[in-house]
Amino acid sequence: MPYLDLFLKPEVFLVWTSVLKTGGIIGIVLTMVAYSVWAERKVSAFIQDRVGPNRVGWAGLIQPIADGVKLLLKENFVPAGVNKFYFSIAPSLAMVPAILVLAVLPFGSSLFGVPMVIADLQVGILWVFAVSSLGVYGIVLAGWSSNSKYPFLGGIRSSSQMISYELSLGLSVIPVFMITGTLNLGEIVQYQVANGWMVFPAWFQPGPGVVEFVETSGAVLGVSVAKIALWIPMMISFVVFMVAMFAETNRVPFDLPEAEQELVAGYHTEYSSMRFALFFLGEYAAIIAGSGVIVTLFLGGWSLPFVPDGSQGWVWGLVNIGTFFAKVAAVIFFFLWVRWTLPRFRFDQLMKLGWYFFFELALLNIFLTAGILAWLQSQS
Amino acid sequence: MLIIQFWVLSVLMLGSAVCVVVFRNAVNSAMSLVLSFLALSGLYVTLDAFFIGIIQVLVYAGAVMVLFLFIIMLLDLKVEARRTLNLAAVFGGLAVLAGFVFLIGQIVLSFPASGESFPALARTGYSDVSEVGVALFGNFNLPFQVIGVLLLVSTIGVVILSRRSLR
Chain A
605 MPYLDLFLKP EVFLVWTSVL KTGGIIGIVL TMVAYSVWAE RKVSAFIQDR
655 VGPNRVGWAG LIQPIADGVK LLLKENFVPA GVNKFYFSIA PSLAMVPAIL
705 VLAVLPFGSS LFGVPMVIAD LQVGILWVFA VSSLGVYGIV LAGWSSNSKY
755 PFLGGIRSSS QMISYELSLG LSVIPVFMIT GTLNLGEIVQ YQVANGWMVF
805 PAWFQPGPGV VEFVETSGAV LGVSVAKIAL WIPMMISFVV FMVAMFAETN
855 RVPFDLPEAE QELVAGYHTE YSSMRFALFF LGEYAAIIAG SGVIVTLFLG
905 GWSLPFVPDG SQGWVWGLVN IGTFFAKVAA VIFFFLWVRW TLPRFRFDQL
955 MKLGWYFFFE LALLNIFLTA GILAWLQSQS
Chain B
58 MLIIQFWVLS VLMLGSAVCV VVFRNAVNSA MSLVLSFLAL SGLYVTLDAF
108 FIGIIQVLVY AGAVMVLFLF IIMLLDLKVE ARRTLNLAAV FGGLAVLAGF
158 VFLIGQIVLS FPASGESFPA LARTGYSDVS EVGVALFGNF NLPFQVIGVL
208 LLVSTIGVVI LSRRSLR
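As you go down the protein sequences, you meet chains A and B in turn. With the first sequence counted from 1, adding 604 to any position gets you the working numbering. With the second sequence counted from 1, adding 57 to any position gets you the working numbering.
Since the hints were derived computationally from the structure, they do not count as laboratory data. Among the hints, erroneous ones may be present.
As the list claims (entries may be wrong) - Computed beta-carbon distance windows for the label pairs: (1) B:149 to A:616: 50 to 60 Å; (2) B:61 to A:719: 19 to 29 Å; (3) B:199 to A:631: 46 to 56 Å; (4) B:128 to A:682: 38 to 48 Å.
All C-beta atoms in this analysis are idealised placements derived from N, C-alpha and C, irrespective of residue type, glycine included.
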């Protein structure tokens, strides 16, 4: 079988498994985007005691497809006086960074010995920040090229908001790296497999100073002084990161760039048809990618306590992938829940909160973590 | 493969760098500069310097140029676009460029090692993040802290200068 040998050569093997993983992850995420729009409508209906979409398919499940067909068939209207070049590329510039973030997320342990991450970069989380910081160009250029007041104000608001909250976003995760000692997202998940999730550190390898509750084969359920001491900065990190992620993805209570009452629809006011849909998809793709980052950094990634990884058999590999996407779905539900529960901030409140509170809190948290780590080292 | 990447990225980087100067519309220039930064970070990545490549995108393309674009959009671009070409300035610039290229050529030709290729890295697959960290907080700790103080001073300076009461 010469063809089989060719497929198993390391370089060729890497190429076709990467293509399969990339295709699979884009397929899954675009489906999740479509159905998170459906979930958004269903959840908002539930919270407001309405029924929500229920005409197209059972419980409105085919509604996203109907919406997609509608958007594709609509006229793509370009207003007079826009800068045509930037007007056409802005929707793609908003969509692409959100998808690119997914390249470094470990969405499973391994399947048939293939690691379930597209690009296992040593600088994984920096890639996430670098790429998502490029997402602001799509929004700013859309607002500017529309040559209209409301989109322009929306674009300006969006860029100042994203720049302000990027600082807290970046600073809030530094304690995680100080504890794990790596920037590689796969290694951060491995650390959480061994030592408990960052926000729920309840099991780890047996060692000195550990109070054991239940003993099983690999991990141990229990507490130690180190775990509890490091749990405090981890919770601060988690809260700051979560809030900054809401601001980065322009979600309520920070959806100032597209505040309907003030700015019509913000930066995408002048867009129609599929170009509008690309902004919409980009926004939800950013939410999904952001949820993926939150799950990977703080909620243990693909791991579940006492569930083996993919090296124990392909069934467990599939279970790990399912766990990751279930956790992502749970975080997305939290995003929706917040949107339909909280009112919107005022713009000056938003800026003050970012610069005067979360920025300082994230900085102090770094010092706190460094102090605790130094204290733990002096103890041992 | 590496040589193709090098040429594609170099041409993209230098081409968009020329575009920064040539375009009359300031937004076009800013976006060309972003493209140039992205190509430069691609060149870093082909050299296995992932950390510096990512930082190039994060700091320059993601933060500095967003602020530039932010300011440019608040300006009146039509004044700049209407300005006509100054022929003397164009020829002066070209003369400086020719002199610079000539100088670089002379230096490269007179440098004997320029024709040889570099030896391969001693080891591969190490994490350049930790290498940079060890270098910064080990051998270069004093310069690192001095730069930190310099940045703090300039930050405080900006805060003081932009306070309205002192203007």
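Going through the hints against the structure:
Look at residue 149 of chain B against residue 616 of chain A: about 55 Å separates their beta carbons, and that is inside 50 to 60 Å. A hinted range of 19 to 29 Å holds for the C-beta pair residue 61 of chain B and residue 719 of chain A, which are about 27 Å apart. Separation of residue 199 of chain B from residue 631 of chain A is about 53 Å and conforms to the stated range, judged on CB atoms against 46 to 56 Å. Distance hint check for residue 128 of chain B and residue 682 of chain A: the Cβ-Cβ separation is about 27 Å, which falls outside the suggested range of 38 to 48 Å.
The structure fails hint 4 only (numbered hints given earlier).
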